[in-house]
Amino acid sequence: MRKWTVAALAAVSAVALGVGLLVPGAMAQQQPAGKQQAGQAAVQGSAANPLAEGATEVFATMRDGVKLAGNLYLPQGKGPFPCIVVRTPYGKDEMYKDPRGAEGYQKAGYAFLVQDTRGKGHSEGFYQAFVNDRDDGYDTIEWMANQSWCNGKVGITGPSAMGITGNLAAIANPPHLTAAYVVVAPFDLLQNSYPGGVLKEKDVLGWSKGQGMSDAVLDQQRRRVADDVFWNRAAMSENRKYIQIPIYNFGGWYDIFNHGNISNFEYLQNHGAKGARGNQKLLMGPFGHGPLSGNLEYPGFDSLKLSGEQEIRWFDYWLKGIDNGIMAEPPVNYYMMGSAQKGALSAKSRMVASANWPPANRPVSYYLTPDMKLTIKAPAADSAKIGYQFDPAKPVQTVGGANLTFDRGPMDQRAIGDRSDYLRFQTPVLEKDLSIAGPVKVELYGATDGLDTDFVAKLVDVYPDGYEALVLDAPIRTRYRNGRMPDQVKMMTPNAPEALEIDLWSTALTFERGHRIALHITSSNSPRFEVNPNTGEAPGEHRLPARVATNMIYMDASHPSALVLPVIYPEGQ
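When you line the sequence shown up against this note's numbering, it's residues 1 to 573, in that order.
Accuracy of the hints is not assured; some may be wrong.
Below, simulated SDA-like cross-link-like pairs (lysine to any residue); rule was C-alpha separation at most 20 Å, straight line [unchecked claim]:
no., residue 1, residue 2
1, K373, E443
2, K241, H176
3, K373, D421
4, K107, G308
5, K202, K441
6, K432, R350
7, K120, L51
8, K67, A108
9, K385, R513
10, K432, D503
11, K320, A108
12, K274, K348
13, K120, P50
14, K441, R350
15, K67, Y127
16, K377, W149
17, K305, P99
18, K320, Y90
19, K441, N482
20, K342, V399
21, K67, K107
22, K342, D465
23, K209, F406
24, K432, R362
25, K241, N279
26, K441, Q341
27, K373, S420
28, K373, P428
29, K490, D449
30, K432, R516
31, K120, C150
32, K385, N279
33, K348, N482
Distance ranges between label pairs, derived from CB positions [what the hints assert, rightly or not]:
no., residue 1, residue 2, range
34, R350, D487, 43 to 53 Å
35, R362, T493, 34 to 44 Å
36, P99, G65, 23 to 33 Å
Hints were generated in silico from the structure; no laboratory data involved. The structure displayed is predicted, hence computed values, not measured ones. Glycine included, each C-beta is placed from N, C-alpha and C at the ideal position.
Take these sequences, add in the hints, and give me the full structure.
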């Protein structure tokens with residue numbers, strides 16, 4: 001069975017990371033591609049970029065005349081066949097250099113096309129990541145459907161950047177696109193690259209620097225934080241209402257696109273257009289965008305193998321009409337993570353089926369207290385707060401998280417050490433298991449002595465031996481507390497507490513008996529997130545010297561700061 005390579009899962013396209021590289025331009029009017037001749041312009045590659053083994057190179061002409069190169073793999077037997085397409089910016093010959101990558105599709109009876117996106121590999125045109133991929137995806141699907149080897153049923157698949165191109169093709173709604181299989185892809189590039197209005201420093205700028213991008217481009221990336229029409233051209237949240245096909249979303253709890261697969265499933269399954277609504281699937285596993293770092297592991301979950309098996313079942317049902325039972329199964333399967341120190345995986349770690357996402361849960365608030373506790377008892381004090389000095393020159397170091405280009409996953413936060421600007425709130429030792437599944441958020445009442453600052457929240461599972469396993473983390477830039485539309489951006493009033501909601505995204509985890517639930521609050525997490533200079537300057541400006549901020553967390557009756565967990569009650573607990 002075909003498996004995505006680790007390299008493919010660990011990769012991401014320039015827009016997913018280097019979003020500031022894009023230049024707004026007019027989108028072509030939606031229209032069908034012209035019919036092409038089967039197998040046109042077959043070539044053998046070049047010495048510098050040899051054609052992948054077993055492939056025949058074909059070219060599809062887009063509506064503007066640009067020709068995109070693809071490697072075609074046909075199955076044994078007499079066609080026409082159902083077809084599956086992958087569109088990649090990473091090089092079709094590089095991705096499938098090992099012919100076994102395509103053999104899984106061929107052996108399952110599919111014609112398989114892996115295509116270089118515009119301006120990449122052997123394809124013509126100028127590369128602007130995801131600017132042309134909606135229309136090019138439409139034209140490619142319709143071109144494929146008109147070839148002699150195709151029976152008119154086409155699916156699209158891929159992880160990461162290829163998942164994004166798949167989503168964009170689905171938005172365009174080509175008539176012959178029948179189903180999609182999307183692995184680890186975001187729902188909005190703005191929200192993913194600037195969570196809470198804070199730039200992912202290392203995974204965005206660090207990646208761009210490694211590609212030789214100029215300082216001017218990097219500054220553009222720093223500035224592009226506000227919501228605007230440019231972002232929304234390719235945003236799933238704005239355009240997924242046009243999708244009319246079944247999509248199988250496969251994501252990971254520690255993946256950089258965790259929220260994308262979940263959000264897209266939730267909308268399409270419950271509110272999507274005819275053809276999409278009620279026909280979606282979601283599978284979430286305990287993996288990241290690359291191998292997990294730290295002392296936790298989930299050896300019983302093979303994400304690559306499971307993804308490949310489910311994909312063929314998915315396409316067999318929708319493209320071949322084989323009633324293999326996949327649509328009779330629950331729409332959602334997720335991995336409930338339990339205690340998972342290496343060599344000691346808990347039996348509480350297991351797959352769970354659900355009728356929807358999130359599963360039925362009860363939001364439970366764990367309130368912060370001045371003595372650094374988390375309690376379900378709401379505060380009654382008239383006044384209670386904790387303050388600290390946040391010095392941008394001495395940021396808190398990143399230890400794990402949903403990262404791409406450096407250490408990722410549930411790493412031990414004890415490595416941060418004891419710092420006056422790093423607050424650890426935790427429950428007493430749990431006397432029984434507590435399971436959560438769904439979105440996690442922090443309702444924080446914060447203040448600063450300046451115009452703008454950041455707050456960072458981390459959900460942590462504290463093991464009996466003291467290991468502080470990071471589960472989720474996210475920041476908020478206070479000027480964006482009301483939203484990122486231009487009229488929503490508002491500076492802080494110095495020393496006045498404001499309600500700040502920090503979206504930590506979703507997870508599924510059992511805090512086991514003997515563990516503690518912890519919430520860590522600080523104001524930096526570098527180099528994962530850009531450090532706020534506390535000056536109030538516009539994003540990307542560096543004219544004023546950074547300043548040390550005095551930040552306060554309020555936790556009284558009028559300002560009940562809390563961690564909100566989606567508590568569930570699994571069978572047998």
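Can you list which hints this structure breaks, lowest number first? 5, 8, 9, 10, 12, 14, 16, 18, 21, 26, 31, 32 and 33
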